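**Student:** Going down the list, the sequences are from chains A and G. Our numbering puts the first sequence at residues 1 to 520. Our numbering puts the second sequence at residues 1 to 336.
I should point out that these hints are in silico values taken from the structure, not numbers from a laboratory. Values in this document were obtained by computation on a predicted structure and should not be read as measured data. Every residue gets a Cβ at the ideal spot worked out from N, C-alpha and C, and that includes glycine. It is possible that part of the hints are untrue.
To be verified - Below, a sample of chain A positions facing chain G; criterion: calculated Cβ distance under 10 Å: (1) Pro335; (2) Leu355; (3) Asn358; (4) Thr366; (5) Asn369; (6) Gly377; (7) Val379.
Chain by chain, the residues:
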Amino acid sequence: MSNTTQEPLFSATGITKNFGGVQALRSVDFDVTAGEIHALLGQNGAGKSTLVKILNGVHPAGSYTGIIRLDGRAVSFASPADARSNGVGYVPQEIEVLEQLSVAENVFAGRTGLGDGMLVHQRKLEQRAGEIFAELGIDINPRAYVASLTSAQRHLVMIARAIVLKPRVLMLDEPTASLSGIEVDALFSVLRRLKAQGVAMIYITHRLPEVLAICDRATVLRDGQVAVRIAREDFDAETFIFSMSGQRLQRLFPEHAAPVGARTALEVRRLTVAGHGGAVHGARDISLSVAAGEIVGLAGLLGSGRSEILQGIYGRVPAEGEIRVAGEPVSIRSPGDARAAGIALLTEDRKRDGLLFNLPVGANITIGNLAPLSRHGMVRGGLERSSILSAMRALNVKASSPQAAVTHLSGGNQQKLLFARVLMRAPKVLLLDEPTKGVDAATRHEIYRLVVELAEKGVALLIVASELEELIGLCDRCLVVTDGRIVDEFSRGEGGEDRVLRSVTAAQAQRHAMASQVSS
Amino acid sequence: MNSAADVSSPPRDAQSFRRRLIGFIAVGEVGVLAAMALLIAFFWLLEPAFLSERNTRAILNVVSFVGIIAIGQTILLVAGEFDLSVGSVAGLSAVVAAKLMTAAALPVSIAILGGVGVGALIGLVNGLIVVRLGIPAFIQTLGMLFIGQGLIQVVTSGYPVYPLPEAINVIGGTDLAFGLGWSFAFFIIAAVIADFVLRRTVLGRNMYATGGNKEVAHLVGINTNAYKIGAFIVVGALSAIAGMFVMADLGSGGTSIGSGWELTVIAGVVVGGVSLFGGAGTVAGGVVGILMLKVVQSGLVVIGVNSNWQQIAVGVIMVMAVGLDILRRRYFIAGA
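In isolation and in its complexed conformation, chain G is listed as follows (with noise of 0.2 Å):
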């Protein structure tokens, strides 16, 4: 009848189905949600209980911290670049947050954005010396993990910050639905917006463009600079509010906040087939990965598998996805 619907005839022949299976597959979230819900199957059947309310929802609740700053992580990993430092930046924000309210007696509501302010000034830093300097991403944040690492001690002298005023508390203890806080919803909202931004805005097309190949970008007249130091203080705001979320949740500015999260942050974006060579990858992706490691985590905890295999199974996983990433590359984006 109309002509549209000539353009989007259905596939004819078992050839173009193939085709639309080949593509479907290629698209990374599908695979990682099918893994996914092999997983919790297999869990679920091993031990019901890792399908109970309170398992459920500590799994949510830890995914909510480590998942905002995946969110930041996969933009910076779609422009091509990523972040070691997200670990210590979560930690030193949070710090300097407590430092202010408590020690320069501050608002909070300033307090916090004094976070957030440090947050996307490491992300600064990082994305302009990185891009203008043309020290390698890998260096320069790396370097800039150890350097918020001594700041936290520099800042806190050692000591966790406590007690913090009661409306921090507030933000901590809050029960929106279903036992999950502020964070959560935090988590959700940033994951869709930040989703929808990466696959219909200009900006998102023009970041993946600047990622898969910066010299294509900038010939078609993307400032591909200005792109990625966006991105790196996208990361470094977003790990600033990871941070406080977790303070909030102790109650206490914790010396330890962030520890080690850059590499559980890295390994499940990775693991929800986000690229590490820059162009390729969701949001949504992203998200799903990290939820993804979480559960197995959390499942071979709940089976009761001795804590030293958990970690090796962590380890295997993380490589086994990043060679399905790598094969996926191949064969549907490089092609063989």
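Just chain A, with the same shape it has in the complex (with noise of 0.2 Å):
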């Protein structure tokens, strides 16, 4: 039940829709009225983008069932630009802005005609977009190459392309993802002039310190269903963390018990990590060590700096700092200096930066471990055929021949052909990013026992993964990442998916509370 007096300006009921035999909403009502930000949350993998696409027009009518009514009157989105037209605005969490384009020229994208002809009025352009940024408050020159802007600048130019439309409604997905405390404050006073207008705003977002400070509303999301709705009267950090983590299908993880007075096998001092392509994403000042056989979690939110810990000590991306492996300091400045020091990376994306698609599923998984399979540089064509069916064995990758293409190989047998490539090297240290995601549930356990098996051999394992619960079930002790920065750490038997959440909140808070302070 909704507490609101008024009537909805925009609803949706019964919203069910199905990928694939997968389930990804249960029948969720969810509804926002004039001059309201109603917070949509949930964990990765609660349905949240799912029902933001269906109520924007990305997952077009037909492709669900359920009804979207506006003023009370049914409507249907064929796509975005239909939704967009009938007033319902949206702005993306991934900036997509126009780089070589000026401020006004991107905020009119699309529609630099005004209507009226084939041409551009440079001017008139401006001077429109100079309104709607005073109205607005947002202190920016239209006149300005996009090019130049940071990224919570570009955030708002975003923001005004929405505006520029006059929408009813706007949905906002993750807005304070790429912004600091102070500029989180003047996106805050954005929105609540929009919603001084009777905007009516759907506001998706991890960070619980936001929607205890600007929300009306709130609905929780978990496993595809309505699991509580939320009155700003009744906010409370406690209730959300307990309706986000829930109760969920347990899952059995394979026994392993943290090993009594092993050697440290890495060990990583004051580490301090570059965001990717100059972002201010990153990691600063990162301390952790890994004992043989030990299996360490780093849990955290998508943004929060995690895959960057792996990706530094890797040397993927540059980093600053101490790296000990069993006790010897190395330089790292290349993933082939990881790799000559025994430390192997599995990454996150199998489609970007896993696999080689030219290449078949026998060379996939020999690329880079040729050394030992080869005389005189060259490749010793039955040895490399033998170790290659040998590792596929081991690792039960199901694929018609060492000769297939890895296109037609499933999720789960493409995840452990990557894996029989990275331990092919048998390393020390094996850093695992998202080693679950997209593969069945049968390869996640046949994973699961593999990880464990590989840290009873005595391999110090690291790993990264957006379920809590996986994280927690697996890991003999976890760390909390969150921007970019250390905040908790407790081992198995002290904590669950809520020790995390809380963590990673009281963090988050203390920063929003010390950025308010600065700017006011």
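Combine both chains into one complex, guided by the hints.
**Tutor:** Written out as structure tokens, the structure is:
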């Protein structure tokens, strides 16, 4: 039951959506009234983005069941453009701007003719953009080139772009993901003005302090269903955390106990990692150690810097700090150095930086591992084939032959293939970034067993996973990462998902409070 | 009996036969060889003189020059880059070598090494600029095409370098077998070696990885920059060698050597199944592709097609071949 006294401006009733056999949303009801900021919360995979994609036409009418109403009238959007012209705007999480164009041209992207004819009225565009900025209290020169803007300013440009059409409903997907504390306050004042103008807003976020600060109502999704709907007067971080983690299907994790008195395999001291592509993200001042045979997890939200820590250790992105492997200091400037030191990395995105689609299954396993399989630089075909077959058998990679194309393998088999590649060199330290992303349930269990087996053989494992339940079930010890720093640490049995969410929230609240002090 | 035999048991059902057949067709060279056999049969049926000794020799001779460059271009395409300056580099290296052995009166062997050095140096410059500065290969090597053409004029003042020392005429005039000389021998030997390197060595495998996905190659510890720069150097040096063979064939350091080759070479290797997107193709395929292009050009002359239509045919064949390459990638490599 919603506690609103007003009629909802925009509502969705009984939304159900399937992807293949998987039910992403199960009869979800959601609504937002004019002048309301409604938070949409949930863990990764809870169904937030699926719901948003339905509401703004990315998943067109007909691909789901349920009814969407705008002003009480049933509507069906065929595309995001259709949703926009019906007054439903969307600001995506990723910054999508045209860098070579001016701010004004970006704000009016796609309608630079301002509705009359083919010509671009440069001065009029700038004037109109200036008016919108003044209205929203945004301080950006409309004539500046977007290339010169910070990521926060770019985000404001994207919001202005959505505002141009005078939307009645505005969806904001993680609008603060790339903003610093002061910039968040600037964004909030923009949102408050829009609220005063009667715009209905849907605010998707992971950050609870922001919900407490600005939202009027919150809906928590869990496993594709509405877990709870909370009115502002009942807001409480504890309630959110409880409803987000909730009771989920218990998975069985293989038994593993942290080794006692094992020597340290990986030691990292004061590691600072640059963000990808000059972004503000990254990791600062990270110190951690992993013993031989220990499984350590890095828990944190998307964009918290957890992957950057792995990439910094592996030499994929520039990092400064001290790294020791088995007590020996090593200098790592490239992945080649890390491999030589006995460190291996399984990357998060199989398609982008894991598989080589131009090479068959076998060559995908041996690439980078050919030195022991060759003599005088020539690959020894028989030896390569037999080691490929034994690696495929050991990890249960199901492919018709080593010559098969990797495209035709299932996600789970592709992932096992990449495990075979990184394990071929028998690493001392194994860094795993989302090792079970996009794999089926059976493979997931095989991977859990493999991780434990490797630990029992004395490999030190450092794992990043978005699913907290998985990380907590698998790891001997968890380090909680947020905003590029380690903010909490606990061993198996000392805490669950709620502990991670609580420490992340506490750290964010602290930062938010500090930023507000600075800006006020 | 032994376990190895069990592993490689023959296909039992129709589905696995079909898969094998698809796998066979997916190999680039097979398709282009079949197409070439059909074309040869077609031209020969229309005009038996097409397979005359004289015409066959003429085709093979021309193929040996551009084929040497095609070997390098194939390696570079596999590494994920390409070079438009090969024709200019061939011409420039030839006139520089010619000047070194005439105006500078250096021994022929030193002059030839100088020519190869010019080609390798230009390759190094191309490679460094593309890899280190991130300027696209298209722009960098197109620029180098013009620079090379200009330098040819600077070096020669617009006049062919003539006469050349007798040793050069000997290199150009030697008949090893079937009227084919040193350029053809070099072409065959270089092609066999290059094909072996790409197919069977760690170097070759790393080259495919680099061209297939630079980021993945980097993550498995391959120095992708070194591979790309190395491939640029190989193309430059092979272009220089091809240019000097033409010079020996003509007996003069002509200013038009290599002019227009860049597009012929790229068209040829692409017809032979070498992917413009990097990471796919073989030297054998590239060489067969070039041969096929020349067979078409010669065949159309022999059967008496108007020269305007010859150009059109070459264009159509190239576009068709690239279209087939894209289809092949979609179905066999990237998956539908």
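**Student:** Determine for every hint whether it applies to the structure shown.
**Tutor:** Results for each hint:
no., hint, verdict
1, Pro335, "5 Å, holds"
2, Leu355, "7 Å, holds"
3, Asn358, "4 Å, holds"
4, Thr366, "8 Å, holds"
5, Asn369, "8 Å, holds"
6, Gly377, "5 Å, holds"
7, Val379, "6 Å, holds"
In terms of the numbered hints stated before, the structure departs from none.
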